[in-house]
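Asker: Make a model of the complete structure from these sequences and hints.
Okay, here's what each chain looks like letter by letter:
Protein chains: 4
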Amino acid sequence: MNWEQLLQRVYDDVAPSLGEGKVADYIPALACADPHAFALSVATLDGAHYGVGLTRTSFSIQSISKVFALKMALSLEGVELWQRVGREPSGTPFNSIVQLEREGGVPRNPFINAGALIVTDALVTRCGQVDAVSRLIALLHQLSGSSRVACDPEVAASERTWGDRNRSLAYFMRSFGVLKNAPEIVLDAYFRQCSITMTTHELAQAGLFLANDGVDPLHGGRVAAHSEVNRINALMLTCGHYDMSGDFAWRVGLPGKSGVGGGILAIVPGLASVAVWSPALNAAGNSLVGTLALERLSERGGLNLF
Amino acid sequence: MNWEQLLQRVYDDVAPSLGEGKVADYIPALACADPHAFALSVATLDGAHYGVGLTRTSFSIQSISKVFALKMALSLEGVELWQRVGREPSGTPFNSIVQLEREGGVPRNPFINAGALIVTDALVTRCGQVDAVSRLIALLHQLSGSSRVACDPEVAASERTWGDRNRSLAYFMRSFGVLKNAPEIVLDAYFRQCSITMTTHELAQAGLFLANDGVDPLHGGRVAAHSEVNRINALMLTCGHYDMSGDFAWRVGLPGKSGVGGGILAIVPGLASVAVWSPALNAAGNSLVGTLALERLSERGGLNLF
Amino acid sequence: MNWEQLLQRVYDDVAPSLGEGKVADYIPALACADPHAFALSVATLDGAHYGVGLTRTSFSIQSISKVFALKMALSLEGVELWQRVGREPSGTPFNSIVQLEREGGVPRNPFINAGALIVTDALVTRCGQVDAVSRLIALLHQLSGSSRVACDPEVAASERTWGDRNRSLAYFMRSFGVLKNAPEIVLDAYFRQCSITMTTHELAQAGLFLANDGVDPLHGGRVAAHSEVNRINALMLTCGHYDMSGDFAWRVGLPGKSGVGGGILAIVPGLASVAVWSPALNAAGNSLVGTLALERLSERGGLNLF
Amino acid sequence: MNWEQLLQRVYDDVAPSLGEGKVADYIPALACADPHAFALSVATLDGAHYGVGLTRTSFSIQSISKVFALKMALSLEGVELWQRVGREPSGTPFNSIVQLEREGGVPRNPFINAGALIVTDALVTRCGQVDAVSRLIALLHQLSGSSRVACDPEVAASERTWGDRNRSLAYFMRSFGVLKNAPEIVLDAYFRQCSITMTTHELAQAGLFLANDGVDPLHGGRVAAHSEVNRINALMLTCGHYDMSGDFAWRVGLPGKSGVGGGILAIVPGLASVAVWSPALNAAGNSLVGTLALERLSERGGLNLF
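Protein chains in written order, with the working numbering: chain A, 1 to 306; chain B, 1 to 306; chain C, 1 to 306; chain D, 1 to 306.
Hints should not be assumed to be uniformly reliable.
What the hints assert, rightly or not - So, partial list: chain A residues that the calculated Cβ filter (under 10 Å) puts toward chain D:
(1) Y11
(2) E101
(3) L169
(4) A170
(5) R174
(6) L179
(7) K180
Said to hold, decoys possible - Footprint (simulated), chain A over chain B, 3 or more residues, beta carbon under 8 Å:
(8) 97-109
(9) 241-247
Everything labelled a hint here was simulated from the structure, so no lab data went into it. A virtual CB, placed ideally from N, CA and C, is assigned to each residue, including glycine.
Answerer: Right, dumping it as structure tokens:
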């Protein structure tokens, strides 16, 4: 496949749409992002990198961090994790609390906010409040081959200031005994985790183990079991885009996870990892142009799994 | 791949579990099925067939018919269909009416009962009440290469007698103007459609076009567009097993659609179509041993998409 | 109390608001009502009648019929009725189906549509399809002292034509076994019951037994037990105005039951029965000016129970 | 009325049921209450007091404090309060969060926990964190004529320790901007407010202004406007017992407010105020024997409003 040409065509396809949608404005630190910014990176199993746009500009990966936190928690907790979080699409927005009440405080899946808090809670239990995030960052350093991956203290502080909805979710699950640590401790780790910044170049490389059956393509070691990779990819496909997960599967046909910073990580099993970034979001909180770019990439490149 | 050996091993894996679960008993015509019955058939793109168990015994395909009805409706209606039915997992049981009320009578996806009624409604509009089902059966004759595929009048009558929940869904959508034809007419076609009987041998063959990019492997013609096939498979993966769709993706990693008669159709894009049948169901109304068999087949055969 | 003067003052209070709100338009037979029409009648325990406006014009009492149907069903069934319908405010609109699903097909109270269908179902079981309504009308003849109370066949036919939401509710409860008779039979009786027409003069007189501890003020006999009257009034206060029942209690402080035809019956225990009619409705489907008139009457007359 | 005899008969009626139900055990400070304890006090407008049982034993009034807090907030805020809290029965348990999400963080009424937090939030805004509760206690001193009314620091501390569900509600409403002060500050005041202890003797006296059209029977001054009293009583009747408010109206027919400590305050407008206490609760969290006692009192005394 001529990836250079493919990425250029995708860029040409989506360029007219840049600026459509709405940049996340729930925290000031995200609201200032340029709605016309765009980056698309591909890392392939043979070690090559391709890109178009601002592939060396760092952005807030936000909920994409949930993929790597889940990978860590599965390594540390194994199947016990599934006592406290489900694996089903929720059919509701990312921050809904309705299903929690009906289902005894157990969130539907690890990619909605409530479920991600449970994953971070597990990391805090196993690693402590500080190390939970520093070990996650160390994992991202290893997987991306870049030591520039870091938390953005300004974004973390902003999340903390505007985090009442997440606080509500945490206390709710705590009242059912599903959350094990003190909510403020888990939330602190969660807000720092969400504030991690990466470039699409780094993110595509970091996700490549999910296309490589769990083996780290840079260093050669296995970082996740075969079945773990299958399952994380399955979760990304069924639950990776909140209440537009079905739409993403329908249009793109690849496992993917979006973040409210405008990034999306998508996996082409056995072939490549793709990261896209464009800050303006659609109604469900996923990157509008990013989703469009992945749709075109999947079509033009014949990458649709189905 | 040595399919013969693979199927035998899968059978050995699941045989001890035969009889677990509970045969559907909401209508007498299904309640008498043997909970120990089992059949597993594979049809591959190169024209071969493999099987173990009662692969020549007909069973009620029930909701698996929704896959073929959707294919027909997409050919007849195109994108207009999506004005009246969504493409998102529902996160609720197959017959829930709650989401309908909150979302103006538009069902979440074409594989829950409400959505399937909209699909049948579209077929009735385009083909008439009688031809809606006879043309669906003609399609199954063509795809399966078997003229034995037919409705079971006893099952259809039983569905009609015990169909008040579906009647409620139909009148509900009718009150919103989402259902276009008289509910009793749509329900009559729907109950007949659900009563279609097939063997796993026939069903695996009939589903093969979904693994073959839309081309009928028996007769060579294209029966569905490339993008239609991607999308039907994506829907099967995200929505094919009601509120256990995520679990099926997690365990099996293949597009699949279950029926309350105990059948499941699963697709391995580019390779094969698989049909399994075992009447005893799990709590979500999907074949317990059938799901287990597909999980083992996917693992042992390395068929997981992810 | 000088009722003549009181009613005139209330009329003067509300006259400027006549025409505000929106006449029910879900069926053509109601849509043609004059939004400026107004009538207010009071019947007192000492046998007097007072009125202002079109107190001799018949209108469609619609859901106000539920009060009298409940009285009949309680006489015929006694406490058994409460196995199939609750006594709690629903917190939801009159035609919601959501709570039914969560609570096994048992409606919250006899004044939302689903609950009223259960009451009519009980009448059909006890009296037969035809007599269910003719006996209800005979009761209204007796209580109102007027033989002009009758069904309006045009309204009943219109309800039948546009009754899909109620059909959906009936089939839903039937699928849970809560509704005992065939839905179409119950619905036929229900639509006729809702089509009953009365004047405010007749309605005020008919409701007077509820202010008189169950004794028919015209004929002197007891038509309902002491405790039955307490309980029907309590239900009217907590559930008589759908999801604005709390607002009505807050503003008026009397048991009341509204109908979508613009009528409201309110009870002043130990003193009087009040009927008001004005066809234009507020957002919850209750008469806008009718509610206002009762609020003023309660204030000016010091009738508030609380 | 011979109140002495009446209360004795009610006691005889309910004595065999003492011990039925279940003492609240969500906090240790309540769990040790004696399930057989019972007290029933009546204060009448003519200044008399009647009682049976432990009428001089203090207990935790818990949610009954919401009646007095609402009275205070209405005096301080007036109608502005109703921008942030509704007046409708919720149809859901006291601590449900579901309706909050659907209705933009605005609770249904001031007697469910979420609504009571808004009331306390208003008191904190007007009076400050400390004075919010000390002024509420001063009001109770005045109304009850007893200076022994006070917070129980042990209960308040216990509530604080086990208050995660209420914390979740507060942060949830804060995320919608409906709660104005910092959640921990509002919660601190709320937990202290709920920990107030009173005897049934004191409580019956304190509630008497609600039977006296807003005039303090002890000191003669008006403490609430005529319309305020009507409305607080209406709210108690429609919303005072969570999702069993309809049942209480049905059985007792009086405005009432229960607390999880086993107390209930009931109002007989124009006549008397009744306080009952028995710690063992029914399934909805209301005193089982207390409700029964009020039912018998209402029947035997002919006090039912309806």
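Asker: Now tell me, hint by hint, if it's right for this structure.
Answerer: Here is how each hint holds up against the structure:
no., hint, result
1, Y11, "violated, 38 Å"
2, E101, "holds, 5 Å"
3, L169, "holds, 8 Å"
4, A170, "holds, 8 Å"
5, R174, "holds, 4 Å"
6, L179, "holds, 9 Å"
7, K180, "violated, 13 Å"
8, 97-109, "holds (count 3)"
9, 241-247, "holds (count 5)"
When each numbered hint is compared with the structure, violations occur for hints 1 and 7.
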